[in-house]
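A.B. asks: We have chain Y; now place chain V onto it with these hints.
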Amino acid sequence: MEELDGEPAVTVIPGVNSKKNQMCFDWGPGEMLVCETSFSKKEKSEMVPSCPFIYIIRKDVDVYSQILRKLFNESHGIFLGLQRIDEELTGKSRKSQLVRVSKNYRSVIRACMEEMHQVAIAAKDPASGRQFSSQVSILSAMELIWNLCEILFIEVAPAGHLLLHLLDWVRLHVCEVDSLSADVLGSENPSNHDSFWNLVTILVLQGRLDEARQMLSKEADASPASAGICRIMGDLMRTMPILSPGNTQTLTELELKWQHWHEECERYLQDSTFATNPHLESLLKIMLGDEAALLEQKELLSNWYHFLVTRLLYSNPTVKPIDLHYYAQSSLDLFLGGESSPEPLDNILLAAFEFDIHQVIKECSIALSNWWFVAHLTDLLDHCKLLQSHNLYFGSNMREFLLLEYASGLFAHPSLWQLGVDYFDYCPKLGRVSLELHIERIPLNTEQKALKVLRICEQRQMTEQVRSICKILAMKAVRNNRLGSALSWSIRAKDAAFATLVSDRFLRDYCERGCFSDLDLIDNLGPAMMLSDRLTFLGKYREFHHMYGEKRFADAASLLLFLMTSRIAPRSFWMTLLTDALPLLEQKQVIFSAEQTYELMQCLEDLTSRRPVRGESDIQQLQDEDIETTKVEMLRLALARNLARAIIREGSLEGS
Amino acid sequence: MEEIYAKFVSQKISKTRWRPLPPGSLQTAETFATGSWDNEENYVSLWSIGDFGNLDSDGGFEGDHQLLCDIRHHGDVMDLQFFDQERIVTASSTGCVTVFLHHPNNQTLSVNQQWTTAHYHAGPGSPSYSSAPCTGVVCNNPEIVTVGEDGRINLFRADHKEAVRTIVWEVHFHPSNPDHLFTCSEDGSLWHWDASTDIPEKSSLFHQGGRSSTFLSHSISNQANVHQSVISSWLSTDPAKDRIEITSLLPSRSLSVNSLDVLGPCLVCGTDAEAIYVTRHLFS
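As you go down the protein sequences, you meet chains Y and V in turn.
Residue numbers for the first sequence follow our numbering, beginning at 1 and rising by one.
Residue numbers for the second sequence follow our numbering, beginning at 1 and rising by one.
Treat the hints as calculated values from the structure; they're not laboratory data.
Don't take every hint at face value.
What the hints assert, rightly or not - As a list, the in silico DSS-like pairs of lysine-lysine whose alpha-carbon atoms are at most 25 angstroms apart:
no. : chain 1 : residue 1 : chain 2 : residue 2
1   : Y       : K103      : Y       : K320
2   : Y       : K70       : V       : K7
3   : Y       : K494      : Y       : K540
4   : Y       : K449      : Y       : K471
5   : V       : K7        : Y       : K449
6   : Y       : K494      : Y       : K449
7   : Y       : K551      : Y       : K588
8   : Y       : K92       : Y       : K70
9   : Y       : K103      : V       : K7
Here the structure is a predicted model, which is why all the values come from computation and not from measurement.
Okay, chain Y solo, but in the shape it has when bound (with noise of 0.2 angstroms):
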């Protein structure tokens, strides 16, 4: 495993002096937590840190860059629609769905691209004009990587359409031909322009003869004595054999063409006949796979890969796919020259002509500053079913590995972790787990928000979850006092003993102010109402309210007893009730019997009995003593004449 490359850079922190003190740092999922403390460098006895803030540092910015933004949700629909695509599909049907999800990801790279190079011309100053500059230009590798995979990899063009895709993968690249092109051509004498013989240079390098073919018959047009061999280098341009798309020949019919067409050329060399134009006369040495001609354009080529393709073009157009690697690096080394050595990129570029999938992901993976591409490219390419299943010693594979590290990175920044939440959800063996991890750490600050994390979590059965962040967002509730809205999270979240500290609460409250806030929710709580026992004493409670205002005494009234004597009212509001029961047991008509009654009094008793003594008092507790035993007396009397009643009305006989 290879070294990073140089020193790391040193970061700043502004405020923090860090030759004065030391400062300290924990690691969290996508950051760094950095402070100074108290302990000075030099021994001294101060004792207190200068600077007061902790600070948190982030490497991956890339996530916050506006246009980068675009990239990762564009790409999202993209992954969902490829996990979607039915795995039954096989052979033709199959591989033309994955290329074309491959040239999705490309137009999204490259319309970021665009963008990114927009915004480039018309940054202000230097500096951020020179950043996205440099983005642009790391764009365009991942592009320029990512449709070379996708033609040796996914296409898997066979021999003869490889190269065909080959050399459109490098006039997509190479790009200066058109500006060229649009100059000369704009001219008034094209054929005089200084540039005119580059371009047409450029046109064969790139195997475009047709075009080339037009430039020569204009240089035909403009100088009369050169127009016969300009004839005959047309005519050799035109008649170049190549295999084309609806073509039928075989590529032993091609090959057998090209070898005829080839000595043809050499012929053309042997009589020297453009002699007379040593622009045609290197053109012809091109054309005929000669390498010095080819590397005398090495500025014009500009790169390797584009010789190697040429080189290819006029030397072996039948190329094999698995014989690509030797002409790679060969061309790599011929168009180095030892005068350089290569970049990163070339690395990359040596190893996918090798076919070695798993070093041009570990080479990109060090080389990119983020795992959006390493992801992307690594997930199509296991869908193309080539990547072998070896487990890294944590127990997931590749695929999984790089798509968790993105996820984790995606759930790093406020908004995007909802793109997060899709990439876990395909990660077979760790995704569930990992998200059940950090979805519990998004800071919720609006309801609306706990709502989209919630049904997240309940569309997967994460019921852990959901209780964990129902019974936080009830304690928020209860804290700001919103008594209504935390009893509704604690019933989401099954929490039984919640429910009761809110029953509580609102029992409390109507203690001290004699009416329930709420009313509507207590009202319609349904079979919720089971949670817990102090819940479905509230239930009940407010059901007894209703009955009595509905005038429906007797129900009330057995309801009532039914929750002191069941035991489902808490002791402290047996008060309360008795005092409810005071209404009733003065109406005109008898309603509790006497059997009622004596149950009513019953609790009365067992209630005042366990009072406890007061010793010494103060006024306050004295006066409330006071009140509590005028209350009981009354209900005692009004207790007594009820039973008197009740006894004389089920002691006589009816209607009498």
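C.D. replies: Chain V only, in chain Y's frame:
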């Protein structure tokens, strides 16, 4: 269902609203506003689909929506409404209600009026002051009504500094009834429920989605008749009898569609995948 334009905008969109057209105007909708959420810096933005000087073969306007101007917004944009042609009211997760003014001459937005403590759990006077998100806003010139997680309903007048009336109310959630023509949903789908009775053959489908926020379309023509038939088919208890044609408007589904607005034949919606979709030919 004609072409729909998508644009990725690097912010999760919580609300989109068309700018209302002047009464009696024959134009189609041209401008819409969006609010973002869940960012460290949120924005209220104005977009235009109008005159770029390009006309396609039908004489309609080409191209996707362009940003006219935007302005920073503190907190998530929980709700957004056009107060009148130039003013936009937003509800913030910080409990603040803001009125923005659009200056068409230099295409900028500025803060016109603000009530920063419209919603709170513990009041500004108390030591443990904590703000509550304002979850909804509705306006009827010159009055603005706001509601928040603190359970308050406030009534503001556009030119007054203080709330005119404050009502304490417990608000809790009801499931939404799809009683409307366009629905956008938490599961990322956008459905067009067509209960018009002029199309003979239809089959009834049931939409399975998450929590949906629904919206009533402004009818294009023959207001009274369309309304009547719409209402009766929605309220009909026999789904097989009144056939409803349901079409999906978005090409593919990913994250939640948070908001949609319809004005005439134009529809705009915004998603959590940080994209805005606009179509100008809903009924063709």
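A.B. asks: Each hint needs a verdict: does it hold in this structure or not?
C.D. replies: Verification of the hints:
no., hint, verdict
1, Y/K103 / Y/K320, "holds (23 angstroms)"
2, Y/K70 / V/K7, "holds (9 angstroms)"
3, Y/K494 / Y/K540, "holds (19 angstroms)"
4, Y/K449 / Y/K471, "holds (15 angstroms)"
5, V/K7 / Y/K449, "holds (24 angstroms)"
6, Y/K494 / Y/K449, "holds (20 angstroms)"
7, Y/K551 / Y/K588, "holds (13 angstroms)"
8, Y/K92 / Y/K70, "violated (31 angstroms)"
9, Y/K103 / V/K7, "holds (19 angstroms)"
Checked against the numbered hints above, the structure violates only hint 8.
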